[in-house]
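Novice: Take a look at the letters that make up each chain.
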Amino acid sequence: MHLEFRTPQGRREVTVRESGGVWRVSLDGRELDVAAVSVRDGIVGFALDGVQRRAHVAVRGAERHVAVDGRVLVLRLADEDRDDQAEEAADTGPHLRAQLPGKVVKLLVAAGDVVTAGQPLVILEAMKMETEVAAPRGGRVARVHVEAGRILAMGDPLLDLEPDQEPVEGE
Amino acid sequence: MHLEFRTPQGRREVTVRESGGVWRVSLDGRELDVAAVSVRDGIVGFALDGVQRRAHVAVRGAERHVAVDGRVLVLRLADEDRDDQAEEAADTGPHLRAQLPGKVVKLLVAAGDVVTAGQPLVILEAMKMETEVAAPRGGRVARVHVEAGRILAMGDPLLDLEPDQEPVEGE
Amino acid sequence: MSAPFGKILVANRGEIACRVIRTCREMGIATVAVASEADLAAPHARLADRTVHLGPPPPEASYLRQDLIVAAALATGAEAVHPGYGFLAENAAFARACAEAGLVFIGPPPDVIASMGEKTAARRLMEAAGVPVVPGATLPPPGPGGSLDAAAVRAAADAVGYPLLVKAAFGGGGKGMRLVEAGQDPVAAAEAAVREATGAFGDGTVYLERCLLRPRHVEFQIFADRHGRVVHLGERECSIQRRHQKIVEETPCPALDDGLRRRMGEAAVAAARAAGYVGAGTVEFLLAPGGEFYFLEMNTRLQVEHPVTEWVTGLDLVRAQILVAAGEPLPWSDADLVPRGHALECRLYAEDPAHGFLPSLGRLLRYREPSGPGVRVDAGVAEGDEITRHYDPMIAKLSVHAEDRAAAIARLRAALRDYVVLGIATNAAYLDAVLAHPAFAAGETHTGFLQQHLSGEAAAGDAADETAALVAAALNEAVRGTAADAARRDAPAAPAAPAIGRFRLKGLD
Amino acid sequence: MSAPFGKILVANRGEIACRVIRTCREMGIATVAVASEADLAAPHARLADRTVHLGPPPPEASYLRQDLIVAAALATGAEAVHPGYGFLAENAAFARACAEAGLVFIGPPPDVIASMGEKTAARRLMEAAGVPVVPGATLPPPGPGGSLDAAAVRAAADAVGYPLLVKAAFGGGGKGMRLVEAGQDPVAAAEAAVREATGAFGDGTVYLERCLLRPRHVEFQIFADRHGRVVHLGERECSIQRRHQKIVEETPCPALDDGLRRRMGEAAVAAARAAGYVGAGTVEFLLAPGGEFYFLEMNTRLQVEHPVTEWVTGLDLVRAQILVAAGEPLPWSDADLVPRGHALECRLYAEDPAHGFLPSLGRLLRYREPSGPGVRVDAGVAEGDEITRHYDPMIAKLSVHAEDRAAAIARLRAALRDYVVLGIATNAAYLDAVLAHPAFAAGETHTGFLQQHLSGEAAAGDAADETAALVAAALNEAVRGTAADAARRDAPAAPAAPAIGRFRLKGLD
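Chains as they are written, first to last, in our numbering: chain A, 1 to 171; chain B, 1001 to 1171; chain C, 2001 to 2509; chain D, 3001 to 3509.
Bear in mind the hints are in silico, worked out from the structure with no lab data behind them.
Hints are not guaranteed to be accurate.
[To be verified] Facing chain C, from chain A, some residues (calculated, C-beta under 8 angstroms):
| id | residue |
| --- | --- |
| 1 | Thr7 |
| 2 | Arg12 |
| 3 | Val25 |
| 4 | Ala55 |
| 5 | Val68 |
| 6 | Arg71 |
| 7 | Val144 |
| 8 | Val146 |
Every value quoted in this text rests on a predicted model; they were computed, and no experiment measured them.
Glycine residues also receive a C-beta, built at the ideal position from the N, C-alpha and C atoms.
Input sequences plus hints: build the corresponding full structure.
Specialist: Written out as structure tokens, the structure is:
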């Protein structure tokens, strides 16, 4: 079985073969030292380079949520990944979006303002806590999509951030 | 949905209807007071006659293994039940069968012996413990199917027990 | 002994409701849970003997509806109400409403809740009783719309001195709190605190308090009955706080010796006596590096972190709350109150340290708790549950007990490693980074610990070994691909592959 | 403190292997598990850092293969071997084989294992040390084929007096044991015991012992280091036995007062000193209703029921075993050894009380452990595991701690009620019937308790409420029928129906 995953490091290819109870696994063409494989109900046990590992794998669409000995990583299975790619493409646009559902408490900037990376833009209230949304990069606020009191769903646009003509470093 | 279960008490008929999140359940034609229903992954919560109950249900073939607040009952779903019926019919024959896999340690009776109910017939060893198989009823040993040292699978015949001509009470 | 009550309504949700229901059940007391629409199948709603539906998910439409909760208690025949913590636990009006309806409120008398709930009044009371308090100043109540007299705020702030904290007079749990350093604007901070306090507690009154440098947060568990006995059950060190929210708690405090513990414990008992306290409460102190300690506030409820006290004393605090509420004397002799070993707790939050600790919402695709000797989990969620934006993002408390502090840290880290939560982000790796820090191992904790040692990028903790995660995902995919769903569900599992390659002892078997 | 060993091999399976691995992990010691073919995906094999495949499922081909286990330890670089209980734990030859291979055996010296393992030699040693022993008689070793000199057996039995017990000289755990009442044939019983002992322990030597009337089984946990310190950690009452197999254990024993506890504890320490003991061990006594007590045997290993001692002392016995094996002094002061509260344990067996307690084999369709304050589960199985005929049918130990005995009983019953095991039969309902019995509540336990109070039909315990079970099964079927498998696996769960019918407070919301 040939699988392609998207990880924080990029695309990785994994090949898995089983024959007579022996599993062979390669990663990006390199054979790994994998032994003592057991898989049941999303619980995966194996030894990697001689060290026993315990993993849980859960599936949500193309996502594979993996916990290995207390650490979690979310991978994406490439051939089920089309919708997710489209979704992610939207994130690179000018829209700054709500990362969780909540209520707009206060706007700290207006259209036309020039902001620096890290500057607070909007105060949201979610789960009874106030959270500041900061600018991911410096730029100019092109448009504000929300007003105080508005209830937002996850992914709703907050404001549009454009590259500013003049650099604002040092301000 | 109409369901027929076989229980230790006999056949029971249950009807379940759901409409707008409200569940109505009747048992053998009598409407039950069931409320607060939640079902997920074989975990079933409901209130019966106003008292909240917590149940787990697991499926094995026609069997429904049910734990309700620490007590377990195995039910059979009637329409998936044909094989199980055939199997059970065999239990009423003359064969006395091994109720678990194990090894025959010692035979305490021979063909032709007359035995009383409760009399030890065979010593089996299973899970490192010796267990005596006792006669479920009085009778005559018609045939012995095993010998000491034999490894048995679950359900293998041990010996045949026939009704004896003369009652053996008091012996 | 027959049960002191026949039936108790638990006016809360999540882990604390489950915690209270368990002890009720063990005492032979029937339980009534309350649940919002979002919680009808939640663990606390399932665990009780009856569950009453309160209303829509927002707390103001459900768990804060005093009228509905009192009516539910009366309708189901409950004799007493346990408020847990948060929601209505420190609401004097609710305690009064219970009493007026003939229900026993499991907590202190309403007047005590009111006087301790108003932090400024509590400060005055403690000063009068000779308990040291942190320098501070009151502010006039905010005007309509939450506006404050800017000049008055600046004057008061300058008098108290910087750095200072703006705190909600009726608050708790870090909400409605703001730090103001020298040179920062105290007015903006005070107004933000007023907004948050109004939303969280229904009252926007705030006050100022001097912010000590590198203090420890050390609190004492106190317990009083109606027969004049007031005892303390030792301290809890709760300095590891993120945005004034405790995330790791322990007992004993590494900084206390027997003498200081005795003096602080006596002050805590004096504070409880001065307040006319009844039931379980917590007296919070700030402990300066030099050993001076100051009354901070008194929490008139069971504390989130009470399990560490239960671990080292072997006592059940909820059981004692119920007995005391029924008018019985405290069930413990002085010899019962000697702590033993070391206990640690950490709070597991549905939040994402890699993205500014934003709350992480969604379904718990996988949720498996650790277990083992000396390990306790207090959880209010189960696999498949949805974490919504309506409630506090704390999904569970993990606590351990061991012979000494080093063994307790090792045990907590091992248990965290066994904790499996998939589908939402949690702070588990961040908690592990705290526990793994040399300064934590050395017991050098103070309320600025996280800012000093674990701010910025390091906060995320290590990610999983990517190679191991890829192998696990691929092996799981291979088995998913070859076994039909139905077959895997009903038939024996796909057999575990018996390959042990390099570990097989060649020539021996 | 650096870890006393770098790596330990755990020569066992199931819950005790998991128990030992957990403490190793917390001490920073790497672990090697061993597993038969049937156990390659078992919890203990997964929990370790490495797992060595021993061979086919039967113990004689895997867990009893001393040669393979020693070779596995050497091949993986382990410095010490922890034997758990059962299998090779009390096998002097194995302890010697470890020492000869340069491995530290975590247990007493081989000679002590040998002298205490031969029950008749142990009796003589204790008599010489002034520890009271039960009247009894040795028998000559059996001839080839397990035959005994019938006349000699009868004469010895008559001299000891009836009722008497035939016991395996190298036995333990109730195996190779037979009761002979007055008028019964001691020869048949002795020969059956010889057969079982030969199979279980590889040696068929048996001896006779007077059977006291209604004795309690009270044992003391002792601990000795290599520096001459011998202490006891209090008693465990283990009288609730079915066929000489303990199923419920507790501490403190309801029948001991301080004076008797002190005298028995001193006798236990004297016994350990007489044996030249090192490490963790148990001195078992029979306690007659009048308060006389008799040495029964000494178990040279960690006991199945050690969690109750850990609960009331707050200590980690495995940790101390490892430290002592490394030559360190016992890590406890005398003040650490004072027990507190009450602890109870029950053993969950895969057996069917409704069918003569026959072992119940098959797959664990559902396995969910209880949790909560004061609840501990030591398990060696997980959901989906297969219970096979090869190993002991004990699948888990459930233990609790509470402030007093009544609270502990209530806590254990509540936890048992939360324990979900489907797919095989267990003794859970039977255990609950024991705990619910008025004579148990009164502390009137003795080794004949189950025969007296819970034999026959009552043994099965109550079945589930059939109506509730039918409702649950039908609701589950309705949801199964309407949701496709795949959809349920990957998508949000079928929403919980929000109907609360009779509990909705009409007119209020």
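Novice: Against chain C, with CB atoms and a cut of 8 angstroms, does the hint on Thr7 of chain A hold up?
Specialist: 6 angstroms, holds
Novice: With a cut-off of 8 angstroms on the beta carbons, see whether Val25 of chain A makes it to chain C.
Specialist: Because about 6 angstroms separates Val25 of chain A from the closest Cβ in chain C, which is inside the 8 angstroms limit, the hint holds.
Novice: The hint names Arg71 of chain A as touching chain C; please verify it with the least Cβ-Cβ distance against 8 angstroms.
Specialist: 4 angstroms, holds
Novice: Does the nearest C-beta of chain C fall within a distance shorter than 8 angstroms of the C-beta of Val146 of chain A?
Specialist: Hint on Val146 of chain A: violated, closest Cβ of chain C at ~16 angstroms, above 8 angstroms.
Novice: For the hint on Arg12 of chain A, just tell me whether its beta-carbon gets within less than 8 angstroms of chain C.
Specialist: 6 angstroms, holds
Novice: Holds or violated: is there a CB of chain C closer than 8 angstroms to the CB of Ala55 of chain A?
Specialist: 3 angstroms, holds
Novice: Taking the closest Cβ pair, is Val144 of chain A under 8 angstroms from chain C?
Specialist: At 20 angstroms from the nearest chain C Cβ, Val144 of chain A fails the 8 angstroms test, so the hint is violated.
Novice: If you take the shortest Cβ to Cβ gap from Val68 of chain A to chain C, is it below 8 angstroms?
Specialist: It holds, given that the least Cβ distance between Val68 of chain A and chain C is near 5 angstroms, below 8 angstroms.
Violated hints, listed in ascending order, are 7, 8; each of the other numbered hints is respected by the structure.
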